[in-house]
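Engineer: Here is how the chains run, residue by residue.
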Amino acid sequence: MEFTSILFYVFSLFFVGSSFVMITSRNTAKAALWLILTFFSAASLWLLLEAEFLAITLILIYVGAVMVLFMFVIKMLDTEESTLRAQFTRYLPLGIFVSLVVIVQMALVLNAGPFDLESVGMPEQHGASYSNITAIAQQLYTIYVYPFELAAILLLIAIIAAITLVHRTQVNSKKQNITEQINVQAKDRMRFASINKKSKKESK
Amino acid sequence: MKKKLKKLVNDFSLGELRTGLKVTSKEFVNKKITVQFPEERTPISPRFRGLHALRRYPNGEERCIACKLCEAVCPANAITIDSEMREDGTRRTTQYDIDLFKCIFCGFCEEACPVDAIVETHIFDYAFESREGSIIDKKSLLEIGDKNESAISKARKEDSKYR
Amino acid sequence: MWQSFVELTHQLIPWFNGSLADILIIVIKGLALIFPLIIMMAYMTYAERKVIGFMQLRIGPNRVGPFGLLQPFADVFKMLFKEIIFPSKSNIYLFLLAPILAFVPAVAVWAVVPLGEDFYIANIDVSLLYVMAIGSVGVYGIVLAGWASNSKYPLLGALRSTALLISYELVIGFVLVTVVMVASSVNLNTVVERQSGGILNWYWIPLFPMMIVFWIGALVETNRAPFDVVEGESEIVGGTHVEYSGMPFALFFMAEYFNMIFMAMLAVLMFFGGWHSPFEGIPFLEGLFAFVPDLIWLLVKMSFFLFLYFWIRASFPRFRYDQIMRLCWKVFLPLTIVWIFVVALMTQLGIGPWF
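Chains as they are written, first to last, in the numbering used here: chain A, 239 to 442; chain B, 16 to 178; chain C, 497 to 851.
It is worth saying that the hints were derived from the structure and are not from the lab. As the structure is a prediction and not an experimental result, all values here were calculated from the model. Hints should not be assumed to be uniformly reliable.
As the list claims (entries may be wrong) - Here are the simulated lysine-lysine pairs, DSS-like style, with alpha carbons at most 25 Å apart:
| # | chain 1 | residue 1 | chain 2 | residue 2 |
| --- | --- | --- | --- | --- |
| 1 | C | K546 | B | K46 |
| 2 | C | K585 | A | K413 |
| 3 | C | K826 | B | K22 |
| 4 | C | K826 | A | K412 |
| 5 | C | K826 | A | K268 |
| 6 | C | K648 | C | K585 |
What the hints assert, rightly or not - Derived list of chain C stretches under chain A, where covered just means 3 residues or more per stretch with a C-beta under 8 Å from a C-beta of chain A:
| # | region |
| --- | --- |
| 7 | 542 to 556 |
| 8 | 572 to 580 |
| 9 | 616 to 625 |
| 10 | 767 to 774 |
Using N, Cα and C, we set each Cβ at its ideal position, and we do this for glycine too.
Looking at chain A on its own, in the form it has when it is part of the complex (with noise of 0.2 Å):
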């Protein structure tokens, strides 16, 4: 057995054991936790697939920024068992129905001609010297690069539009002026008032 292939599955069974873990987890931090485990074997089997750009790019985004953000989330929330589990059977006719439906996508998409696990075949082996970054860059920036515009001003909308819902002035908002307090001076805090003489021997 090649060494990889050993990495190979002991990436996979990280990856399949966190993620069943990570659905079965009771406690929503636990979960998240395993979440995040699975990421990194799922980055680390791109890393074997020599993706680099996407394995990093995973831990970057996912890890580094959304899942915190999720924690974030966690931690604000009431993790009272009674209340998530309320309304379960409510909920799971529904719930069958779409691991039913995502069951036969995958399905179809892995017995369907084109995406067939075997006329896809192995992804071609390249040298030490092969820069996936390189290749992405040259993809995205010539052939792709009018889709590629189009999503980023597709995502400044989305900014635009995020910030736009929260940046209404609220009317009883006691909320500080941080500009105004940064740009206090000590003589406009400070007067020197001049007393005279004649006042200060009057209050003796």
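Please build the complex by placing chains B and C on the supplied structure of chain A, with the hints as guidance.
Structural biologist: Frame of chain A, contents of chains B and C only:
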């Protein structure tokens, strides 16, 4: 407008941060003022009030006559005195305890003493190994006095002209 | 007995020649990097206390060993022998996992750091991205520590740090983009190689504002003063460290210092020409300093940035949380985006020796 521009330039050239860094870099090379305690000590006033001691006369007789003025004046009730008549007919203490946890080192006992028996020395770096250790009895008080007699009398002499 | 042993070794020899030997070499390389790092980290704590002491007109540690040079070891042994206390109702597994998750990424990033010409553990094509990715994993240590401690101050500290680190990762990402644009490579080795040829060829000149932004971002990412709101002794006692003692705490501590060394190293690699001598290409000085090895130049430059860490810590009071956020989103982010355009322009016009 000009003022605003000046402030903008100052802000973006990190003006205030540079001021701060300048101050600390100046202090970095300045002479350090730390006193290395056990080896070096800061000067102590002759009136310093530290650990207590009981003094003796030059002929070896203990000064304390058990008048209990110190016990009466002590604001923290730290002093406990018991006395009896000695064979030669003088009144002397059989017990003289000071609880150093209670003591506030006000020096009233020293002021009240008619024979300069109880004094406060310049010793301040002492420690106890148990809670009971905080109570020092007559024997150890006298020992402290014997050991530090020269320092005690010297401090008293120095301070005498201002009393 | 002997016969069977010989047979076993004969069976194992192909393994040793192939994969196992490779793994062994990698492990040895890793240890050879980690041990000096640990010593460095230990003496950084000493240097920090000395430098800050000096800036506050004190002397700093001077009791253990000559000039207090054995102080770090005393600290290590103290930490080792301390009791590990688990807060009641805390999740022990996650509680112990947190410091490990903080420490492992802090070490793992060092895999791609080039310490000299052809002197590295791994030379991967996406090393700058790798640095970002692994660096962002370090957040989980703090997040989990706050969550698993089952205590309010750690939770507050973790909440603060999560938001902060995500925001500043963005800024640092943009700074890296400018560096990548100038160097036209995401490989740290190439980034450094392109800066060869004296102090004027280093990227700190065309990317000067980015360098400052990066450094401030680095202070935030490593939770150092004046941005140490995660700990915030005066506000939330000790933040995520409140419930930790003994070795778990030491792991957090080590992770913080490893990250500090790494950030200093990254600043040197990206803006100060890595292992290159500042006098390259200058007629007389180049020969004069030719005897200095690459690694020494690298360490000297890095030490300056580490000193800067202590200097800044001794100089400035802690920022308020919302002010740090404002600094990130309203000052640094626009600034970096503008500078990306400036760098793009400079690249197109081919200004200076940098492009």
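Engineer: Hint by hint, work out which the structure violates, then give me just those numbers in ascending order.
Structural biologist: Hint check: 2, 5, 7, 8 and 10 fail, others pass.
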